[in-house]
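Those protein sequences? They're chains S and V, same order as listed.
For the first sequence, our numbering assigns the number 77 to the initial residue and increments by one for each residue that follows.
For the second sequence, our numbering assigns the number 8 to the initial residue and increments by one for each residue that follows.
Everything labelled a hint here was simulated from the structure, so no lab data went into it.
Watch out, some of these pointers could steer you wrong.
To be verified - No farther apart than 27 angstroms at their CA atoms in a straight line, the calculated lysine-lysine pairs in the BS3-like style are these: (1) V:K37 - S:K372; (2) S:K114 - V:K622; (3) V:K617 - S:K356; (4) S:K166 - V:K622; (5) S:K113 - V:K37; (6) S:K78 - V:K71; (7) V:K622 - V:K534.
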Amino acid sequence: MKPFNFIKAAGGTQTVKQKKRTGRFIAGGTNLVDLMKKHIEQPEELIDISGSVPASIGKKAAGIRIGAMARNSVVATNPDIIAAYPLLSKAILAGASPQIRNMASTGGNMLQRTRCPYFYDPTLPCNKRNPGTGCSALTGDNRMSAIVGWSENCVAVHPSDMCVALAALDANVIITGKDQLTKTIPFKNFHRLPGNTPEQDNNLPADALITAVEIPGNAFQKNCFYLKLRDRDSYAFALISVAAALHLNGTTIVSARLASGGVAHKPWRWYSVEQFLEGKQANAQVFQQAATLVQKEIKTLPHNVYKATMLQGAIEVALQNCLNA
Amino acid sequence: MQPFFEATDYFPADTDGRVEAMAKVTGKAKYSAEYQAPGLCYGFFATSTVAAGKIVSIDTTLAKQADGVIDIITHEHKPLVPGLADETKIRESRFGLPVFHTDKIYFKGQPIALIIAETLEEATYAASLITAIYHAETHNIDFELSHPKVALKPDGKERGSLQAWQQAPRMVEAEYTIRNEVHNPMEMHATIAHWTADNKLKLYDKTQGVNNVQRTMARLFGIPNDNVEVMSEFVGGGFGSGLRVWSNTLAATMGAMQVKRPVKLMLSRPQMFMLTGYRPQCWQRVKLGADENGKLLGLYHQGRNSTSMYENFSEGFTRECRLIYTVENLKTESATVPLNLSTPTWMRGPGDCSGDFAIESTVDELSYLLKMDPVELRLKNISNEKDPETGKPWSTNYLSECISRGAERIEWKNRPTGSGQLTDGDWKIGYGMAVGMWGAGRQNASAGIKMQKDGSILVQTAMTDIGTGTGTGIQNVAHDSTGIPKNRIKIELGNSSLPPAPSQGGSTGLSSITGAIAAVCNALKQKLVDYATVVDNAYKGMNIADLLISETGISARSGNAPSISFTVLFDTNHIDTIAVEASAGPGDERQKFSFCSSAAHFCKLRVHTKTGKVKIERMVCTVDAGKVVNSKAAANQISGAAVGGIGMALMEEQNADNALGSLLANDLAGYHFAVNADAPIIEVAFINKPDFNSNPSGAKGIGEVGIIGCAAAIANAIYNATGKRLRDLPITPDKVLMG
Ligand SMILES: Cc1cc2nc3c(=O)[nH]c(=O)nc-3n(C[C@H](O)[C@H](O)[C@H](O)COP(=O)(O)OP(=O)(O)OC[C@H]3O[C@@H](n4cnc5c(N)ncnc54)[C@H](O)[C@@H]3O)c2cc1C
Ligand code: SF4
């Protein structure tokens with residue numbers, strides 16, 4: 077690890093003023109420290125935000141506000157979250173391990189980098205790590221790579237489980253910019269597709285600080301499910317994950333939310349499927365039909381052809397499980 | 008919930024914990040990297056970024072300027088190790104990778120420099136500043152592409168003839184592949200090297216055999232064995248990775264010589280993936296013929312495994328098929344395929360584990376072809392009486408009993424006879440089984456006992472305890488042999504200055520050491536009789552079997568010799584301690600008999616038809632390992648091995664990029680071994696019948712058989728559930744779905 081300076085954040089809007097371009101905020105450190113050990117990140121200064129960025133979870137008139145420093149384990153077990161946003165709790169609990177969730181913060185989780193194996197080995201070409209060196213995964217091991225929204229420059233997927241639920245639940249990200257002004261970024265616009273600039277994972281302005289995430293109220297409490305398929309049953313990133321939520325009136329679907337992890341450079345919403353489901357009956361046949369719709373959107377790579385089949389099955393199973401929940 | 012293991016009539020479930028448990032759970036137990044030495048400094052490897060070629064130059068300028076850097080060892084700047092002084096010596100040393108004694112690059116990740124600094128952080132950072140220019144050559148790490156080009160050679164004696172059974176009424180033939188797997192024990196390989204004098208070396212080293220390290224280092228540095236002291240008191244797992252001396256031990260010792268201070272060198276987790284061996288990938292083909300009644304007529308087993316460019320390592324996976332079944336006609340062939348990777352090594356159930364997957368999948372396939380229960384097919388063909396390879400009678404072999412008991416326990420009668428018949432919604436349910444065997448070896452070993460005036464004893468041996476419970480096993484045997492209460496028996500292990508013992512590997516550890524323990528206990532009793540005779544002549548000539556040892560003193564089982572307290576015994580003889588040492592090893596019995604441990608593995612699982620997910624519901628392992636001398640540790644060995652087997656079957660795979668010549672995802676998040684969530688409670692049962700030809704304790708080796716057969720049992724259950732015969736390990740969800 078390259079030697080660095082370590083300071084405590086000043087708090088409030090002062091924190092962003094402290095931040096230099098070569099510095100990094102550190103929250104739980106579960107991703108950043110690993111990246112530093114591998115010399116992928118070499119910040120000159122770490123600003124510890126753990127004592128100053130809010131960690132509280134509070135109900136608001138039209139939803140809930142989760143402080144950016146709220147730990148993943150705290151969010152997942154918070155009674156208000158469990159009561160009003162069970163999908164979020166389920167998704168968080170499907171990720172990492174209890175130890176990591178105890179450290180991991182809400183803001184840090186959103187900003188965690190991809191787990192593409194090439195990205196983690198500085199001796200190998202990777203556009204995301206070293207722009208212009210090429211994408212090794214495109215022609216190499218892309219078993220875990222994207223099947224939608226990728227570009228020739230990068231086929232990596234966003235690794236978070238929590239973010240899949242936040243995408244499905246139409247969350248908003250509250251940030252403080254370098255100019256010390258507060259802004260809101262809709263979650264669906266927070267992460268980006270790789271395009272020609274895979275080095276950028278998201279649309280958070282340089283040096284900005286995430287202070288909170290807000291989720292509007294919804295009617296998905298009763299019928300929601302998070303399905304994660306992976307190479308082992310715990311402590312593994314998703315091959316495919318599906319966050320599914322239904323608002324039912326009797327057996328009729330009033331509205332639906334469907335998002336996936338492990339498929340794209342960002343948590344991916346299946347809007348066409350959601351539209352298809354709305355107004356339909358919630359039953360196995362409808363779910364099966366709905367799941368086939370994703371095939372039109374996806375484009376697999378040589379080693380992840382299976383993801384097309386797995387995704388379709390996963391969507392069907394996740395929707396079905398919304399009824400059993 | 009099923010009990011953790013099954014207590015039988017032969018042995019009650021004892022409740023004692025491990026001798027080292029307190030030290031481990033309180034953090035008092037010290038592992039190699041946790042020791043201190045005066046003036047200790049830290050080493051870290053910088054490694055090659057290309058997979059093949061030559062080092063043209065190494066630029067250490069920046070690294071040298073970094074804070075805390077003391078020195079940097081490279082092939083151009085090093086203390087010359089006498090045993091590696093030239094190409095011939097390197098070859099003769101059989102050390103493996105001659106770190107810093109060559110400019111050749113054999114694989115990516117090969118150490119090219121050792122940075123020595125005041126702190127670990129400084130050494131690690133300085134290592135990142137090292138750059139090298141290489142004359143890169145074309146590399147090859149593509150096993151799939153390369154192996155068909157290597158000619159197969161006969162491997163072992165051919166039985167009967169290949170032609171004799173080519174018209175067999177029932178025939179199955181198929182190919183099997185297994186990807187690289189790594190050991191990666193929790194404790195990373197680490198060495199503290201300390202030259203206490205010009206020609207005296209002290210090493211704290213993570214190893215499965217201190218005497219092996221001692222001999223290797225003495226030879227390399229041209230000093231007497233006695234000048235090298237190696238300590239490895241606690242070992243955080245090995246699985247075979249500690250059976251060789253790796254580059255970290257050599258480099259730390261060179262470093263300490265260079266800077267004239269003790270040097271600590273611990274591998275990083277990513278370095279563990281290339282510098283401490285692995286189970287090589289392999290390809291196998293099996294052809295099996297039988298008559299209509301299921302009698303095996305012939306077996307043809309071929310295979311190749313990967314090796315490195317600088318050493319030949321043959322897995323020996325064609326051994327397994329020679330052990331289990333009576334087959335008159337048998338031919339085996341093998342070959343190794345050199346690649347630009349480091350040298351593989353023995354990993355739990357080495358060879359047999361890989362070979363067994365192919366053989367036991369094939370036998371399962373044959374059972375469906377015959378429409379015969381796979382249990383029945385096996386019982387019909389297992390060689391119960393004699394070793395089919397040597398023709399010698401088995402000393403003991405209860406494999407058939409393992410099968411019957413396991414079948415009963417998992418309720419094999421509920422298994423659907425055809426595949427794909429049991430469903431539960433989107434799930435398909437299946438049962439599978441397989442057997443595994445392992446030659447039960449024994450080696451020469453020594454042990455010592457020191458008895459204090461209070462009658463307590465310290466049992467000492469150089470053998471290591473790699474987490475297998477050796478210390479506890481020793482305590483139990485010493486207690487059984489002497490009658491001394493367990494709380495008065497202390498154990499000291501893992502130091503080369505203690506009585507020598509073989510490395511702990513190949514399931515021979517306990518078998519080898521218990522003979523020595525029994526012998527040294529007898530030596531102690533003899534000494535006590537001799538000293539007692541000085542006190543009272545009634546002890547003269549007493550048979551040691553008649554001697555009783557209690558908490559306070561000694562007495563005689565019968566006759567008129569009086570009890571003597573330890574105080575009187577020691578004072579009358581003017582002694583403070585009694586010290587004895589003894590050795591024991593295999594003898595004639597090895598000429599008369601063949602020895603094996605064996606196990607039957609049964610699995611019940613479900614497979615999700617839409618997502619490819621496999622969920623193991625039950626795993627039953629019934630094991631014949633002779634007498635169980637420590638039931639908890641034994642059950643722990645088997646359940647740990649079975650979880651390893653689940654990993655092997657369903658997820659373990661070292662990914663690599665062939666074009667780039669690079670391993671990928673070499674960390675514990677990227678390399679998936681099985682975790683608790685993947686495994687049900689493993690149901691372990693032991694036959695627990697002693698084999699006194701094996702050694703005086705009656706125990707046979709236990710470490711390997713727990714994993715041999717697991718992968719096939721799981722793959723066979725997946726077939727029973729789905730009708731998909733998956734022959735490429737690991738069987739990840741994508742393969743299940745698309746297979
Ligand atoms: C072995 C392993 C397995 C894992 N498995 C999973 C999994 O299965 N599913 C899953 O979803 N995740 C998984 N994770 C990832 C884990 O969820 C993330 O590492 C964690 O959420 C990151 O949070 P953190 O607070 O530790 O972030 P840090 O490491 O502290 O920071 C990450 C990044 O975010 C920036 N940052 C942090 N907070 C803020 C803020 N408030 N404003 C601006 N920038 C900020 C930092 O500067 C840094 O660049 C795994 C991690 C590991 C190590
Ligand atoms: S997919 Fe993206 S992260 Fe992976 S190698 Fe390509 S550019 Fe790098």
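Checked hints:
no., hint, verdict
1, V:K37 - S:K372, "violated (59 angstroms)"
2, S:K114 - V:K622, "violated (35 angstroms)"
3, V:K617 - S:K356, "holds (23 angstroms)"
4, S:K166 - V:K622, "holds (20 angstroms)"
5, S:K113 - V:K37, "holds (25 angstroms)"
6, S:K78 - V:K71, "holds (15 angstroms)"
7, V:K622 - V:K534, "violated (58 angstroms)"
The structure fails hints 1, 2 and 7 (numbered hints given earlier, in ascending order).
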